[in-house]
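Residue numbers (my numbering), protein chains in the order written: chain S, 215 to 666; chain P, 215 to 666.
A portion of the hints provided could be inaccurate.
[What the hints assert, rightly or not] A short, non-exhaustive set of chain S residues, derived as facing chain P with CB atoms under 10 Å: (1) Ile284; (2) Tyr409; (3) Gln431; (4) Arg482; (5) Lys483; (6) Gly488; (7) Ile599.
[What the hints assert, rightly or not] Chain S residues, not near chain P, derived (Cβ > 12 Å throughout): (8) Glu250; (9) Lys287; (10) Pro311; (11) Asp642.
[Unchecked claim] Which bits of chain P does chain S cover? Going by a derived footprint, with three or more residues having C-beta under 8 Å, they are: (12) 485–491; (13) 596–607.
Quick caveat, the hints were computed from the structure, so don't treat them as lab data.
Values in this document were obtained by computation on a predicted structure and should not be read as measured data.
For glycine and all other residues, C-beta sits at the position ideal for the given N, C-alpha and C.
There are 2 protein chains.
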Amino acid sequence: MWSENNGLNSNELKGYRGSTYELLKQIDASIGDMIEITKNGENYLGGLMPRSESGDDQHIVIKIKSGYNIGVKIDSTTKIAKIGAGAKPTFIRPPSPDHKEDLSKVDIISTGGTIASRVDYRTGAVQPALSAADLYSSIPELSDLANINAHILYSELSENISPHHWIGMAEKISEVIKSGTDGIVICHGTDTMSYSAAALSFALRNLPIPIIMVGSQRSSDRPSSDAATNLMGAVAIASKAPFAEVTVAMHGKSSDNDILVHKGTKVRKCHTSGRFAFRSVNASPVATYNIQNSSLKMNWDQYQKRDSNRKLNLEARFNDNVLLLKSYPGMKSELIEWAIEKYSGIILEGTGLGHVSQNLLNAIKKGIEKGVFFCMTSQCIWGRINMNVYTTGRDLLRLGVLPLKDMLPETALVKMMWTFGQTTKLEDAKKIMITNIAGEMSPRTLPEDVSQ
Amino acid sequence: MWSENNGLNSNELKGYRGSTYELLKQIDASIGDMIEITKNGENYLGGLMPRSESGDDQHIVIKIKSGYNIGVKIDSTTKIAKIGAGAKPTFIRPPSPDHKEDLSKVDIISTGGTIASRVDYRTGAVQPALSAADLYSSIPELSDLANINAHILYSELSENISPHHWIGMAEKISEVIKSGTDGIVICHGTDTMSYSAAALSFALRNLPIPIIMVGSQRSSDRPSSDAATNLMGAVAIASKAPFAEVTVAMHGKSSDNDILVHKGTKVRKCHTSGRFAFRSVNASPVATYNIQNSSLKMNWDQYQKRDSNRKLNLEARFNDNVLLLKSYPGMKSELIEWAIEKYSGIILEGTGLGHVSQNLLNAIKKGIEKGVFFCMTSQCIWGRINMNVYTTGRDLLRLGVLPLKDMLPETALVKMMWTFGQTTKLEDAKKIMITNIAGEMSPRTLPEDVSQ
Chain S
215 MWSENNGLNS
225 NELKGYRGST
235 YELLKQIDAS
245 IGDMIEITKN
255 GENYLGGLMP
265 RSESGDDQHI
275 VIKIKSGYNI
285 GVKIDSTTKI
295 AKIGAGAKPT
305 FIRPPSPDHK
315 EDLSKVDIIS
325 TGGTIASRVD
335 YRTGAVQPAL
345 SAADLYSSIP
355 ELSDLANINA
365 HILYSELSEN
375 ISPHHWIGMA
385 EKISEVIKSG
395 TDGIVICHGT
405 DTMSYSAAAL
415 SFALRNLPIP
425 IIMVGSQRSS
435 DRPSSDAATN
445 LMGAVAIASK
455 APFAEVTVAM
465 HGKSSDNDIL
475 VHKGTKVRKC
485 HTSGRFAFRS
495 VNASPVATYN
505 IQNSSLKMNW
515 DQYQKRDSNR
525 KLNLEARFND
535 NVLLLKSYPG
545 MKSELIEWAI
555 EKYSGIILEG
565 TGLGHVSQNL
575 LNAIKKGIEK
585 GVFFCMTSQC
595 IWGRINMNVY
605 TTGRDLLRLG
615 VLPLKDMLPE
625 TALVKMMWTF
635 GQTTKLEDAK
645 KIMITNIAGE
655 MSPRTLPEDV
665 SQ
Chain P
215 MWSENNGLNS
225 NELKGYRGST
235 YELLKQIDAS
245 IGDMIEITKN
255 GENYLGGLMP
265 RSESGDDQHI
275 VIKIKSGYNI
285 GVKIDSTTKI
295 AKIGAGAKPT
305 FIRPPSPDHK
315 EDLSKVDIIS
325 TGGTIASRVD
335 YRTGAVQPAL
345 SAADLYSSIP
355 ELSDLANINA
365 HILYSELSEN
375 ISPHHWIGMA
385 EKISEVIKSG
395 TDGIVICHGT
405 DTMSYSAAAL
415 SFALRNLPIP
425 IIMVGSQRSS
435 DRPSSDAATN
445 LMGAVAIASK
455 APFAEVTVAM
465 HGKSSDNDIL
475 VHKGTKVRKC
485 HTSGRFAFRS
495 VNASPVATYN
505 IQNSSLKMNW
515 DQYQKRDSNR
525 KLNLEARFND
535 NVLLLKSYPG
545 MKSELIEWAI
555 EKYSGIILEG
565 TGLGHVSQNL
575 LNAIKKGIEK
585 GVFFCMTSQC
595 IWGRINMNVY
605 TTGRDLLRLG
615 VLPLKDMLPE
625 TALVKMMWTF
635 GQTTKLEDAK
645 KIMITNIAGE
655 MSPRTLPEDV
665 SQ
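Isolated chain S, as found in the complex (with noise of 0.2 Å):
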């Protein structure tokens, strides 16, 4: 159950403390009891819901009929009543809608996050709702958008996705794969998701079919929830895109009309709550949806063509022996003793074109001499490395560190370890790294004012 995964024991107080919590436990209360609180006359009634740590001890929070939460701040004026025990959510599930034969099937598979889930009003806790029924219900739209068959594949906060995940994933989808589908959409949680993308973008190869990955940055329980709009559009996009290719589907920028389509390697999460929050780097989106007039318009004229009778071929083997590490001034060299005794690879993640402090080389080449395979990202984020200008930079290639171009250091780590997964040898490693493999290096970077 997600709600036990959640933490959201509903036989504890989650959250209170002090002289609320004491109350609370005098009447034998629990998250998600409906409670009356009395004070100054007024009577306030509804489901009990656990606190935030930061909250203070003087106020219970309480889900009104409205759906709504107050706080009731709590004196000794205040009384406190339980008038009957948290229900359990039910979920109306109508049956699915027949199919319709001019529509392509579209398969949905969720591994979890806000996008597939809903929010029991009970305890404020999210709950996986991916049945096809649940998505029907929810989103009654989707029939008219092709025929959708859900599965749930995993229930993770995508903060807890991790490479075996990936391999489940690609397991998934090539399972569906084989059994008949025009499109996938995966849900997943929205934290790690460019991870999760770049890692199906290698494990994925020869794809016959468009591959959308979809997430919501606020659940579906807020009135500015892009959640049903960004799995409209993830499904639209995967009955319909013209390409084969591993993608990530989110709000853009300029319209709540737009969805922006990312390639899988060249995506990252920009913002922690914003609805546009993903985007393309040092490349241009694949591709904009636009849900209105249910258009997809190719911003990219190269790409793996939609082909049902391509082979997939599955290469879903990633070796997590590998370090991520961002420099900074005074970072001391001790990290990358440690680490070189641990570890087989090290993404860095240095500044500017591709730099660390001269303090740290000692260490790189005690790694390198011992076979641990560095490569060199850059915390700009944007733009491209280039080691050739500064003596830094010329030292570390002359070591032996690799520069890996215009590629993101979260798509770096995700490569390298899909790409130790295919070898143990090194120089094989160093060949596979600078090889573009699934889109993840362009061959030149954009116009800053373009790429930005």
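Since chain S is already given, all that's left is putting chain P on it; use the hints.
Quick look at chain P alone, frame taken from chain S:
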């Protein structure tokens, strides 16, 4: 000498190997020597240039009279002769312009980097060129902007700038302010300029005058160089700005005439090579300077006003026993297990609203129990930490990880180093980290279309 720091020892044939190395060795050539190459009846004359490490062993590169570099492919018919030894570089030093009573006094303190250098056409190496006379000879327009006093403090590529340099810069600034000046320009390499800007923002409390940091992305021998315009802009801003804040002044996006002035704690290098590399994050630029009409437009209405009677409070102590760790899928807890034995504090660069994978929680818990100070920032860069939304965030809060609102990870690292320079007590450190000292946290995050 810069050329020695640079590793460009003219007695070596840096970058040459194989047959070209042998050929140059035979004629006893060194980098910088005047070389004549004869091939297919053509003569090529120029100074011998060092090669980059990624270069082949087939070409000899010389800088010809026009200033351009050419590479000549060596084959069995090629002849090569040494015409003369490399001359020491000479700089023309015109007398400084007369003191102009109607102009402000601006002090330029150079720490190194591309902006503070001129390229030695003999070797391609950069040389510090920041006596006032050198400056006036390079950029005569400066004498119309201010009476300039120039200081060479360091000649460091900024990837080598470390906390002890921050202390040196702050002390030098204090000394110059005491001697009387209207504004200070700090020339700095761009790689770590934003880290240094944050460091000076914390170290220089109660500033009386503006401190304008400036760099250049392209050296002055390149046609698209931003060195002169950035420096002229910085001097003009230092002389006339109404604010007394540490800022970074760099080329703007919209026009070659605009120099953007960024708050020192809210600025980040976001492009490896573009001139518009520096951006205000989660804040608008403090001001915009238009070079063409010499106008400074303030974007902020709240700032510390220039006041020459205000007495600087120098708080230039930094403790570098602090680690910055970027989290990623597959990150192992062993890194945190190691770090908590070594470091007093760790800045986590988590995903999204401020998360790390659950598999790291035990190691973080262990660290916090040992008294290690953990703070959370986001690798999204834009936006604000909010650890109350999802379970992982609440779990981290409960363990005692401190969320740093919309502070940049780089600024957070510098602030923690500064904080542990002020106190060794964890409770005091927590209070300092969460107090807005130098505008490092915004009261609210800007709308996403503005902040990105």
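Results for each hint:
The interface hint given for Ile284/S is broken, as the beta carbon of that residue sits about 16 Å from the closest beta carbon of chain P, more than 10 Å. The beta carbon of Tyr409/S is positioned within 10 Å of a beta carbon in chain P (closest approach about 5 Å), and the interface hint is therefore held. Annotation: Gln431/S was flagged as interfacial toward chain P, and the flag holds, the nearest CB pair being 9 Å apart, inside 10 Å. A cut of 10 Å between beta carbons decides the hint on Arg482/S: the least distance to chain P is about 8 Å, and the hint holds.
The beta carbon of Lys483/S is positioned within 10 Å of a beta carbon in chain P (closest approach about 5 Å), and the interface hint is therefore held. For Gly488/S, the suggested interface contact is upheld, since its CB lies about 3 Å from the closest CB of chain P, less than 10 Å. Against a cut-off of 10 Å between C-beta atoms, the interface hint on Ile599/S holds, since the closest Cβ of chain P lies about 7 Å away. Chain P leaves Glu250/S outside its interface by the beta-carbon criterion, the shortest separation being 26 Å against a cut-off of 12 Å.
The claim that Lys287/S is not at the interface with chain P holds, since no C-beta of that chain comes within 12 Å of its own (minimum 19 Å). The Cβ of Pro311/S lies farther than 12 Å from every Cβ of chain P, with a closest approach of about 33 Å, so its non-interface assignment holds. At the 12 Å boundary, the C-beta of Asp642/S stays outside the reach of chain P, the nearest C-beta of that chain being 20 Å off. With 7 residues having a beta carbon nearer than 8 Å to a beta carbon of chain S, the region 485–491 of chain P meets the requirement of three or more and the stated coverage holds.
Counting residues of the region 596–607 of chain P whose beta carbon lies closer than 8 Å to any beta carbon of chain S gives 10, which meets the minimum of three for the stated coverage.
Comparing the model with each earlier hint shows a violation of hint 1 alone; every other hint is respected.
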